[in-house]
Amino acid sequence: MQRETARPMFDTDELVINMGPQHPSTHGVLRLVLKLDGEKVVDCDAVIGYLHRGVEKLCESRDWTQIVLITDRMDYCAAATNNLGYVETVEKLMSLEVPRRALYIRTILSELQRVASHLLWLGTHAADIGALTVLLYGLRERELVLDLFEEYCGARLTYNCMRIGGQPADLPEGWDKRVLRFCEIQEQKLPEYEQLLTSNRIWMERTTNVGVISAADAIGIGLCGPPLRASGVARDVRKDEPYAAYAEMDFDIPIGVKGDTYDRYLVRLEEFRQSLRIIRQAVEGLPEGPIMGKVSRMIKPPAGETYHAIEAPKGEIGYFIASDGKSVSPYRFRVRPPSFCNLQALRQLVRGHLIADVVALIGTIDIVLGEVDR
Amino acid sequence: MITQTHFLVLSAALFMLGVVGVMTRRNIIIILMSMELMLNAVNINLIAFSRQLGDVTGQVFAVFVICVAAAEAAVGLGIILAFYRNKETINIDEMNLMRW
Amino acid sequence: MTEAVIFPLIKIVIVLAAVLATVMYIVLLERKVQAWVQVRLGPMRVGPHGILQPLADVLKLFVKEDITPVMADKWVFTAAPILVLVPALIAFAVIPFASNDMKLFGLPISGRIADVNVGLLYIVSVASLGIYGIILGGWSSNSKYPLIASLRASAQLISYEIAVTMTLVTVIMLAGTLSMVGIVDAQARQGMWFAFMQPVAFFIYFVGGLAETNRAPFDLPEAEQELVAGFHTEYSGMRFAFFFLAEYANMIVVSAVATTLFFGGWLQPFPNVSWLWWLGIVPGWMWFCTKTFMFLYVFLWVRATYPRYRYDQLMRLGWKWLIPLAILNVVVTGFLKVLLKG
Amino acid sequence: MAEAVVFYIFAALILGFAVLVITAKSTVHSVLFLVADFLCVAALYVVLQAPFLAVIQVMVYAGGIVVLYLFVVMLVNLKRPPELHADPRRLGRLGLVMALAVFAELAAIGAYGWLKPSGFDGSLDSKNIEQVGRALYTDYLVPFEVASVLLLVAMIGAIVLAKREQ
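Chains as they are written, first to last, in the numbering used here: chain A, 18 to 391; chain B, 73 to 172; chain C, 83 to 424; chain D, -13 to 152.
Keep in mind the hints are simulated off the structure, nothing from the lab. Computed from a prediction, not measured in an experiment: that's the story for all the values here. No residue lacks a Cβ here, since even glycine has one placed at the ideal position from N, Cα and C. Careful: at least some of the hints might be erroneous.
DEER-style ranges, computed between Cβ atoms [said to hold, decoys possible]: (1) Met255/C x Asp62/A: 54 to 64 angstroms; (2) Lys159/B x Val139/D: 19 to 29 angstroms; (3) Val137/B x Gly96/D: 46 to 56 angstroms; (4) Val137/B x Val(-8)/D: 16 to 26 angstroms; (5) Ile145/D x Asp234/A: 34 to 44 angstroms; (6) Leu134/C x Arg173/A: 25 to 35 angstroms; (7) Met255/C x Val128/D: 22 to 32 angstroms; (8) Pro151/C x Lys149/D: 32 to 42 angstroms; (9) His131/C x Leu75/A: 44 to 54 angstroms; (10) Val413/C x Lys159/B: 41 to 51 angstroms; (11) Arg218/A x Leu422/C: 28 to 38 angstroms; (12) Lys149/D x Asp234/A: 47 to 57 angstroms.
Computed cross-link-like contacts, DSSO-like style, restricted to lysine-lysine with a CA-CA straight-line distance of at most 30 angstroms [claimed, not checked]: (13) Lys226/C x Lys52/A; (14) Lys206/A x Lys256/A; (15) Lys159/B x Lys57/A; (16) Lys343/A x Lys109/A; (17) Lys402/C x Lys275/A; (18) Lys159/B x Lys149/D; (19) Lys159/B x Lys142/C; (20) Lys57/A x Lys423/C; (21) Lys57/A x Lys149/D; (22) Lys11/D x Lys159/B; (23) Lys402/C x Lys149/D; (24) Lys159/B x Lys52/A; (25) Lys275/A x Lys109/A; (26) Lys156/C x Lys93/C; (27) Lys419/C x Lys402/C; (28) Lys156/C x Lys142/C; (29) Lys402/C x Lys52/A; (30) Lys11/D x Lys402/C; (31) Lys226/C x Lys149/D; (32) Lys311/A x Lys74/A; (33) Lys57/A x Lys402/C; (34) Lys256/A x Lys194/A; (35) Lys57/A x Lys74/A; (36) Lys226/C x Lys156/C; (37) Lys149/D x Lys109/A; (38) Lys156/C x Lys146/C; (39) Lys256/A x Lys109/A; (40) Lys156/C x Lys52/A.
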C-alpha cells in the first residue's frame, strides 16, 4: 500500500503529567515529569532538590564532632550507617586506632539499622503496590529496632550514635540479650511477609520482569547496594573492603539473576537473614575492653584528603573529606549518597512501563529524598 | 385516552428533531447522536405498533434496531477517532477527502 | 391505595435508611477489620471501641468546604456524584429481603419493594448506569489524574460487566426466570443453592463484583499510590461523601445480589436436616442480612490481604480468563440442562 | 387517565431533551441529555408494556452505546472544542424545509388517526420476555444470527480503526 511515511497515520497524543513533589508515593518530595502515551510511560524526568539543605556546605563550617549529627539528617531512615561512614572516614584521615569493642558495637548498630531500613522499604514498597498490611507488619518490627536504638543512644530516628575514635557510650545492661531476642522475633516474622508477598500471584505479576536492568547497565549507571546485587553483581563493601568488624564476620551476599523488581525484593529479603546472622555473631563475640580510642579533645586531622565508603542499607555511601590541617572544620566535604546514584537508573527503568509500575519502581530502588538532595 | 396516534406524533417529532440535528450541526459526534435519536423514534413506532397489534414482532425488530445502532456507533466512533488523530478536527465540513 | 402507594413508600424509606446506616457502619467495619488484620486497634476514640466514629465522619463531611475547581465544568461536576449514587440506591428496589409471607400487625407484607419480572436485567441495567458519574466526575474536574482514573474506571467497568452478565445467564438458565423472587423460589424448589450448582459462575461473579465496585485488588481507578485519589481527587465535602456512599452501597448491592442468586436469599440453610430445625426460628430477612454481611466481610478481608493489579493485567484477567470462562460455563450449563432433561 | 399523564410527561421530556441534545454547546452536555432522553424512552416502553425492551434500552443504549460516545468525546475534547458551524441563511432555508416536512408528516398522521381511530385494544400479556425470546429464536433466528455477525464485524472494525499503527 502506498502511503506517505513522513507522517504516521495516527499521531500519538502525549500527556505530560507531574508526579510529585506532592504525591503519596514518591517517598518524599521527588518530582517526576512523566510523558505518557495512554498509560505507558514514554519518558521520565526526575526533578530533585526540593529538600536541598546544603548539607555538604554546612559541614564545612562545623567542627569535626558536630558533623556527626548533620549526617543523621541525610538518610534519616538509616542514620547509624551515615554516622559510621563519616566517623570511619575521619578516623582514616587521622589514622586512628579504634578499640575492637567499639567496632563490634558499630557493626551491631549498622546491621540493626539495615534491618530497620529494609523493614521500612518493604512496607512502603508493598504499600505502593497496594498491599497495605505488609506496611503495618514492617512498622511493627521496626518499632522494636527503634526501641533498641532508643535504649542505646536515647534517640529513635536521628541517633548521633558514633564518635570519632569510638563509641559515645557502652552498651546498657542486658541490651545484648534484647538484641538477640529481637533477632529471634524478626526471624519468626520474616515468613509472615513472605506468605503475604513472595508467592502471591498478584505480587509476582506486578514485580517480575518489571524494571529489568542488566549487570552491565547497572554498573554503567553506577547502581549500588541491593539493586546492583539483584542484577547479579556480587559487590558489597562489607566483603570487598571490610570495615568495622565485618572482616571477622561470616555472612553471604545474596545476588539476583534477572535484575527485575522481584529479584530486588528477594535480595533484600535475604539480606534480612544475613543481617540477623551478623548481629548474632557480633553480639556473641562481643569483646571486652574500652569503647573509645585515644583521641585528643580538639580533633584536627592532618592536612590531606581521603575517600571512604561503607555499605549502607541503600547502597554504598562514600565520604570524601579534605582537611587543610589548620582549621577546626573540613576544608571540603562531599558525600556519595546511594539514593542519588540509584535514582539515576529510574529513567531507564520506567521507560515503556505503565504508571502503576512507576510507583513500584520508585519503591524498588529505595530512595530517601533527604539523601538525594542533601 | 392515549392512542396509537399519540405515539406516532411523538415519534415523528423525535425523528424530525434528529433530522434537524443532522442538518444543522457540523460536529460529527452530535450528528451521530442525532441519528441515534432517529433510530429511537423508529423504535417507539415499532413498539407502539407491537402494542396495538398485540404481537411481539415489533419488539423483535426493535431489538435488531438497537443491535444495528450499537454496531453503527462502534464503527462510526472508530472512524471519528481515526480521523481526529490524523486531522485534529471533528467538523464534518472538513472531512472532504477520501484518503490522506 | 394503601397497598399500592403507602406500603411501598414506607418500604422505600426503611430500605434507604437501612442502606445508609449500613454504609456508615461498613466503613467503620472496614477500618476495624483492616486494623485487626494489621494488628492494630482501629478507631477507638469516638464512643466505646469507636462505635460512634461514623457519626463523627459524617459530621466532618457535612461541615467541610465544598470546593469546585475554577476550570471545572460546574454542572457536570455537581451532577456526577448524584449520577453515581442514584443507580447504586435504586438497585435495591428489586432485591428481595424476605419471603412473601411475612406478617406485620396481621397485614401480609412482601419482603421487597417491587417484584418485577425483569428484576435481574433491571439490576444489570441500573448498575451499568453508575459508570456515568465516574466518567463525568473524572472528566469535569479538568485535572489529569482524575481523567486517567475515569478512563481506567470506565474500561474496567465495561469489561467486567460482560463477564458478570454472562454468569447471570447461567443462573437464569437454572432458575428459568428473571425475577429475583423467582430465582430464590427456584433454589428452594431445587433444594440446592446455586452456588453449589454453579461454583464457577459464583467465582466469576464475585471477582467481577470486586472489579465493578472498584475494590481491592481491582481498585485501580482510585489507587491512591498511583493516581492520588482517582476520579474524585478534586472532590471534597458532601460531594466526595456521595462517591464514598455510592462505592459502599454498590458493595452492598453486589453482596445482596450474590446472596439472592447464589446463596438462597432469605432461605435458611439446611432446611432438610431435621436436627437443625432451630435454624428455622430465625426470620428470613435475618438470614439474608447475615449472608450479605458475610460477603461484605470477604470484600474487606480481600482488601487487607492482596496487592493491587496493574491496569493491563486487570484487562488481561477480564478478557482472556473470566469472559471466556463465563461463556464456556454458559455453554456447558446449557448442554447439561438439555442432557439431564432428556 | 394515569397513562395519559405519564405519556404526556415523558413525551415532553423526550422532546425537550432531544432539543437540548441538538442545541447544547458542549458536546459532553449533549451526550448527557442523550442519556436522559434514552431513559425517558425506556420509561415510555414500560408504558407500552414492553419491559424487556425498556431494560434492553437502558442496558445497551444508556449503559453501552452512550458510554462509548462519552469516551470518544472525552478523547477528542482534550485539545480544542469542535466548532459549531453557523451559516444563518442555510439554517433559515433548512428550517423552512423541516417545518414543511414536519407539518406534512403530522398532517398525514392526523388524517390517518381521524379516518381510522385506534385505541390499544390488543394487549400483550405479562409473559413479555418469553414471547420476545421465542420470536427471536424461532421465527427470526436467521436475522438474529445475521445481527450477531454484524456486531462481530463492527467490533473487529472498531478495533482495527481505533488501533494505532506501530
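For a quick check of understanding: which of the numbered hints are violated here, in increasing order? 3, 12, 19, 20, 25, 26, 30, 35 and 37
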